[in-house]
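Trainee: Residues per chain, in single letters:
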Amino acid sequence: MTDLAELFELWNAAPESFDTLRATIRHWQDTELQEEALEREMSQSEERGGSSHLIVIGLSDGQEPKVSEQTIRLWLGRPGRMREEFEGEYAQTRVLNGRKLWVRAPAIGVIEQDVDGESGLGGHHRILFSPLAIAPGAELELGGRTTVAGRAGITVRAAPRTPGEPIGLGLGAGGADEYELVADAERGVLLKIECRLEGAPFDIVEFVEISFDEQLDPGVFELSLERGERVRSHKELAAGHEHGLTLEEAAGRASFRLFVPDAVSPSAHAMVMYSKTQEQPPSPERVHIHYSDVETERQFSLEEQPAGTHEARPAGFEPVDLEGVQAWVWAPAKRRRFMPVRVRLEREGTQIELSSQDLGRDELVDIARRLVPAPKPPRSG
Amino acid sequence: MGELGDALVAMHGARHRFRSLRATIREWRDGPLSRQAAVRFGETPAGKQSGYAELIDGVGDDVREWQTSEGAWRLWFERPYRLREERDESVPGIELGIREGRRWWMHDRRFGSHSNAHDLSVGSEVGAQAEPLLDPSPFLGAFRFETRGRGELAGREAILLYGKRRPGGVHSLALDRLGDEVSELELAVDAERGVLLRRSLLLDERPYQVTELVAVAFDEPFPAGTFAPR
Numbered sequence: 005m006t007d008l009a010e011l012f013e014l015w016n017a018a019p020e021s022f023d024t025l026r027a028t029i030r031h032w033q034d035t036e037l038q039e040e041a042l043e044r045e046m047s048q049s050e051e052r053g054g055s056s057h058l059i060v061i062g063l064s065d066g067q068e069p070k071v072s073e074q075t076i077r078l079w080l081g082r083p084g085r086m087r088e089e090f091e092g093e094y095a096q097t098r099v100l101n102g103r104k105l106w107v108r109a110p111a112i113g114v115i116e117q118d119v120d121g122e123s124g125l126g127g128h129h130r131i132l133f134s135p136l137a138i139a140p141g142a143e144l145e146l147g148g149r150t151t152v153a154g155r156a157g158i159t160v161r162a163a164p165r166t167p168g169e170p171i172g173l174g175l176g177a178g179g180a181d182e183y184e185l186v187a188d189a190e191r192g193v194l195l196k197i198e199c200r201l202e203g204a205p206f207d208i209v210e211f212v213e214i215s216f217d218e219q220l221d222p223g224v225f226e227l228s229l230e231r232g233e234r235v236r237s238h239k240e241l242a243a244g245h246e247h248g249l250t251l252e253e254a255a256g257r258a259s260f261r262l263f264v265p266d267a268v269s270p271s272a273h274a275m276v277m278y279s280k281t282q283e284q285p286p287s288p289e290r291v292h293i294h295y296s297d298v299e300t301e302r303q304f305s306l307e308e309q310p311a312g313t314h315e316a317r318p319a320g321f322e323p324v325d326l327e328g329v330q331a332w333v334w335a336p337a338k339r340r341r342f343m344p345v346r347v348r349l350e351r352e353g354t355q356i357e358l359s360s361q362d363l364g365r366d367e368l369v370d371i372a373r374r375l376v377p378a379p380k381p382p383r384s385g
Numbered sequence: 008m009g010e011l012g013d014a015l016v017a018m019h020g021a022r023h024r025f026r027s028l029r030a031t032i033r034e035w036r037d038g039p040l041s042r043q044a045a046v047r048f049g050e051t052p053a054g055k056q057s058g059y060a061e062l063i064d065g066v067g068d069d070v071r072e073w074q075t076s077e078g079a080w081r082l083w084f085e086r087p088y089r090l091r092e093e094r095d096e097s098v099p100g101i102e103l104g105i106r107e108g109r110r111w112w113m114h115d116r117r118f119g120s121h122s123n124a125h126d127l128s129v130g131s132e133v134g135a136q137a138e139p140l141l142d143p144s145p146f147l148g149a150f151r152f153e154t155r156g157r158g159e160l161a162g163r164e165a166i167l168l169y170g171k172r173r174p175g176g177v178h179s180l181a182l183d184r185l186g187d188e189v190s191e192l193e194l195a196v197d198a199e200r201g202v203l204l205r206r207s208l209l210l211d212e213r214p215y216q217v218t219e220l221v222a223v224a225f226d227e228p229f230p231a232g233t234f235a236p237r
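Protein sequences, first through last, are from chains L and X. Quick note on the working numbering: the first sequence kicks off at 5 and runs consecutively. Quick note on the working numbering: the second sequence kicks off at 8 and runs consecutively.
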C-alpha cells in the first residue's frame, strides 16, 4: 500500500469483505486519562460555541479501577447474525439473528427484543468493520507495516480534523488528540484502534485472534437457555416503573415517606418516576425526581428509597451537618466537572440522594437542608 | 491507483483543495418519484419505527408537496467560513442567506429577515444545502461506492460514483439532512478539487432529485460587500 487512495478503496469495501468472522477482542482502558480526554473535548466544544452535556448513569459508591481490561468474543455471519460475549465484571452475551436480539446479563437475566434488522454488522465494535466512517472527522496519514493477531496490517495515524470534535469512534475515544489505527492489509477492517492523549494511550481496542469465512456452527447464533432461565420481553423488564407522575401520586405509591425541596424556581419542571421493588435486576422500591429549569438550564435529581438500602456513609464522602441531620457529600475534583455533586442523607426511614452536574456543592447541600415531606393525595371516599 | 480511490480521497480532502468558490447551481426534483422514495422508506421497519411513515401519510396526496420543480441558486464561499446564497423564487428555501462563522443573516420571502446577531448560539439552515457539496466527506462510510467512469460538468473533469447506503451505524448532521429515505445516489466528484459537481438522489437508479453545478470558479477574489447582509 503506497497511498491513501488505495487505503480508501480497501476501506470502502471492508464491511462486505467477509461472510463470517470469529474473533477475540481485547479492550483496555485507562479510565483516569479517558476522563481527562473527555473533559478536554467538552471544553474545546464549548470554546467553539457548542454546548456539551454528559449524562452520568450508574454511579457506584466504590472506587473505580484506574485501569480496566475486558475480553470480548465475537462471531458474525451474514445476513444479520451476531454473537458477542463480554467477559469480566460487566459480563454479557448478545445474540442477534435477523430481527431478534437476545441479551443475557447476570443482573437482568435474558431479554428478547425486536430490532429493525438494519443496524449494521458488528454490534458494539461495528466501526472496526466500517473504517471509512472515521474519515470525515479525521486527517489521516499512512504509516508502516505491522502485524496484529497474526495478520498483516498497515498503520494509519489519525488526528481529529477539529480539536474536540468526535471522529465516530464512540464516547470511549472522546477527546483523543491522536489515534493509531491498524488496517488489515487484505480486508481493510481495523485490527486495532489506539486512542491517545499527548502521546499516552487511554483506550485500546484490538483483535487478539481473528479468522474470516470459517464455517460457523449455526447454534452460535442462538441463545440456549440455562436451567431456570426464562426469556422476558422489554415490556416485562420495564414493568413496575411508572413515569410522568405528580409528586403527590409518587408520594401516594411509595411505602416510605417522600421528601421534596420546600420550594423550587417557578420555571423548574419536575419529572417523577416510581419503581416497585424488583428482583431482576435487583432493585429496591424507589422514587426518582428530576428537576430541570428551562430558564437557567440547570438540573438536579433526587433518588429516594427505604433507608438501609445503600451504605449511609459511602467511602469518599465527607460529613456535613444539616441542622441535626447527618448528611454526606461528594464533590468531584475540578477536572471531573461532568461528574455530579452528590449529597446523601437519611430522614424518617428514607434514604435520599441528591445529585447535580449543574449545581455546586453548597447549593445542593442547601436544597438537602430544605427538604420537606411531599404532599400526599387526598384519600378517596 | 484506481479512479474510485482517487475520488474518495478527493472527497475527503476537498476542504484543503480550494480557498474560495463561486457557483450557479441547478436544482431539479421529480415530484412523483420523490413521493415514491418517501413511501418506500416509510414502509421499511426503520421508517415505521421513526414515525416517518405517519409523516408521509400526513402529507398524503397533496399535489403541492409532490410537484416536479426546477430552479437555480447561486453560491459564494470563502474560507475559513464566509458564505452567500441567493435563490430564485422557484427554489424552496431562503431567498438570501449570509453566513460568517457562526453569525448569519437571512431573508425569506414568506417570513422576512432574521439574524442571530443577538445570540450566536441560535443556528439556521443558511449554508446547509451548500455544505455537502463543498465538503462531501460525510458520505464516506455511509455509502458503498463504485465508479461509473469519468465525465465533464460545468467545464470540469468529474469522476462519477454510484453509492448504495449501508445499513445502520453512520450518523452525522449532513447525513441527517440528506434524509433517511435516501438509499442510493450518484455523485460527480470534481477530480481536482473534490467538491461535488452533481449529487443525484436515486430510486432504483432513477434520479428524483438532482443538485448540479452549472458554472463554477475556484479561488477568485470576491468584491467587497459580497458577504454583507442586505
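Treat the hints loosely; a few may be bogus.
Some but not every residue of chain L turned toward chain X, in silico, with C-beta under 7 Å [claimed, not checked]: (1) A9; (2) M46; (3) E50; (4) G53; (5) S134; (6) A137; (7) E143; (8) G147; (9) G148.
Keep in mind that the hints were calculated from the coordinates and are not lab data. In this text, all values refer to a predicted model and were calculated from it rather than measured experimentally. Using N, Cα and C, we set each Cβ at its ideal position, and we do this for glycine too.
Trainee: Are the hints correct? Go through all of them and say.
Mentor: The hints, checked one at a time:
Satisfaction of the interface hint for A9(L) is found here, the shortest Cβ-Cβ separation to chain X being roughly 3 Å, below the 7 Å cut-off. Violation of the interface hint for M46(L) is found here, the shortest Cβ-Cβ separation to chain X being roughly 16 Å, above the 7 Å cut-off. Taken as an interface hint, E50(L) does not check out: its beta carbon lies about 11 Å from the nearest beta carbon of chain X, beyond 7 Å. Taking 7 Å as the C-beta cut-off, the interface hint given for G53(L) holds, the closest approach to chain X being about 5 Å.
Residue-level restraint check for S134(L) holds (minimum Cβ-Cβ distance to chain X is 6 Å; threshold 7 Å). Satisfaction of the interface hint for A137(L) is found here, the shortest Cβ-Cβ separation to chain X being roughly 3 Å, below the 7 Å cut-off. At about 9 Å, the closest approach between the beta carbon of E143(L) and any beta carbon in chain X exceeds 7 Å, and the interface hint on this residue is violated. A distance limit of 7 Å between C-beta atoms decides the matter here; for G147(L) the minimum to chain X is near 17 Å, and the interface restraint is violated.
Because the beta carbon of G148(L) sits about 20 Å from the nearest beta carbon in chain X, more than 7 Å, this interface hint is broken.
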